[in-house]
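Add chain B to chain A, keeping to what the hints say.
Protein chains in written order, with the numbering used here: chain A, 1 to 331; chain B, 1001 to 1327.
All the pointers check out, no bait thrown in.
Here are the simulated PhoX-like pairs of lysine-lysine, each with C-alpha atoms no more than 25 Å apart in a straight line:
1) 1223/B with 1136/B
2) 1136/B with 1230/B
3) 1038/B with 1084/B
4) 159/A with 180/A
5) 108/A with 1140/B
6) 39/A with 3/A
7) 180/A with 39/A
8) 1136/B with 108/A
9) 1223/B with 1140/B
10) 251/A with 225/A
11) 1313/B with 108/A
12) 108/A with 1084/B
Honestly, the hints are just simulated from the structure, not real lab data.
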Amino acid sequence: MRKITLSQAVNEALAEEMRRDPTVFIIGEDVAEAGTPFKVLSGLVEEFGTQRVVDTPIAEPGFMGIAVGAAMTGTRPVVDLMFGDFLFLVMDQLCNQAAKTHYMSGGKLNVPLVLRTNMGATRRSAAQHSQSLHALVAHVPGLKIAMPSSAYEAKGLMKTAIRDNNPVVIFEDKLMYNDKAGVPEEEYLIPFGQANVLQEGVDITLIGTSSMVQVCQAAAEVLAKEGISAEVIDPRTIVPLDEETLLKSAKKTSRVIIVDEGHQSYGVTGEIASRINEKAFYHLDAPVLRLGAMDVPVPFSPALEDITVPTPERVADQARRLVRGELIHAA
Amino acid sequence: MSAAKKTHNTEDFLQMYRQMARIRTFEDNANQLYLSAKMPGLTHMYSGEEAVAVGICEALRMTDKITSTHRGHGHCVAKGADFKEMFCELLGKEEGYCRGKGGSMHIADQSNGNLGANAIVGGSMGIATGSAFTAKMLGKDDVTVCFFGDGATAQGLMYEVMNMAALWSLPVIYACENNGYSEYTRTEEIAAGSILGRAQAFGIEAHQVDGQDVLAVNALTEKLVDRCRKGEGPFFMELMTYRYHGHHVGDINREYYRSKQEERDWKENRDPIIRFRSWLVAEGIATEAELDSLNADIRADASAAVEYALQAKYPDVSEVDMHVYAA
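Extracted from the complex, chain A is given alone in its bound form:
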């Protein structure tokens, strides 16, 4: 199978959906000729024109609001939010308007829009360009949240998101834009709410989101050499969450670590851990562990930034101790 980058995969997904459905359009800052700072959208304006690849002023709440109104009246906007950190700027339009419109109208109005944005630290971009804020929006009923972990996932999830009749937020890890993976030439979609078991195991379950899937896979490789068999699972979407697959694995291995790049407190790791505790308690041999980003604003200095996010070494270390039966109190 051919290998392409995550960036190319997203670009292909958008182009295919825009060819398929003339109501799909892209709106955001420097999305047209510039193709965004990450160049993910390069070439799209040449094919689809500036009517469908729409450059906006630097006004995140404004273009988010326009996308909500456009979605309510018969189009499918893909909003490009240059950095995930800018979510704080669009909160009213996303969470008070887009997320609630279908419910508040008793099901009469739909808001089929996609908000493409990114996440991920260690790019030396400091506290306002490095956050992973998916848990923040996952808290709001009415939004769906997708977290692709590879080029293959990014393409399939984006195509599904565009066809979904709800507001969907997709978080791409900005450090993965150049990562290549096998992506078929033929069309495919990845359904929401179906976790992917990347590797089967019997001793411990490692659940990772986005780039943390790679971290879990690397940890699993190390553990395998020591005779510890780890199961690695990617939920793909945290809303909807495939609880069934996660619980099934937890019951099988009896030990679980959840790894996510959002802040550890009040985050995705806590939510998943809690569901496993509530629904698989008698199958567990150890407390479910959370590994999130440190509860600090992301620091600029490389010496500090690198220690704020989970690494394969830390995941392997915690897994080893859990399997040995050590009583671990999470940091």
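Then chain B, alone, in the frame of chain A:
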């Protein structure tokens, strides 16, 4: 009253009168439901501002869109909604426009192009502009009117979307209902400079109009809607009007921010319905008796709708998690 356009016939004028009277009657009934503790929550009365909603909506087609506000019953009625579904919604009943999930502050009636009231002040400005974006992108000649109050002119979103609407020549009309008060504060205390000047700064043609004169509002709106359909939008209107009640129905003792004398003056001397009624009679378009009979019919309709809504079913509890996500 301003001179009427020749294109209007008797039925057009009576329809404007009927719609204004329907709004006033709706609000009188809603207020009674609140005062008699039959309505959950609270609500914001549109009484006094009828000529704004009616003058504008009578210049629109059913397929044109509007976005409304927390003070939105008037817009909803003017855009074609029925009393029965509206009162059911206000009382949280299953047959309400939103199956009781929205209530007074979120009534939407998409079948008549009402994209919904909004409980965030200024929250619908993006939505209205986006609706106009859709019309342009899909090549339709629909126009969108964004209703908002003077209080919303302090929100930043307004300036972001007016900038884009002007850059892209979108068919949207920003209709600022200036009723003199931003909640419990006089507009002069929250608005620096000129409200019209803010739109003009983006190169948007802006007009101030007497919002108590339904014919003046209607004539201006017809011109602007027509020009919007030809791609000459966006436009901005500041409609000078007055809110008879407090900010909401519970805002009873309000002399600390405005006098009873001021309220009396607007009600007695500038009421949009009384003024239009006198004009209709003076022009020989309707007799006092005909208008009395029309009012009596509207009151009977409203009473029947209120009675129906009071007896109507609440939604089944199984609906609580329905409509969180669309299929």
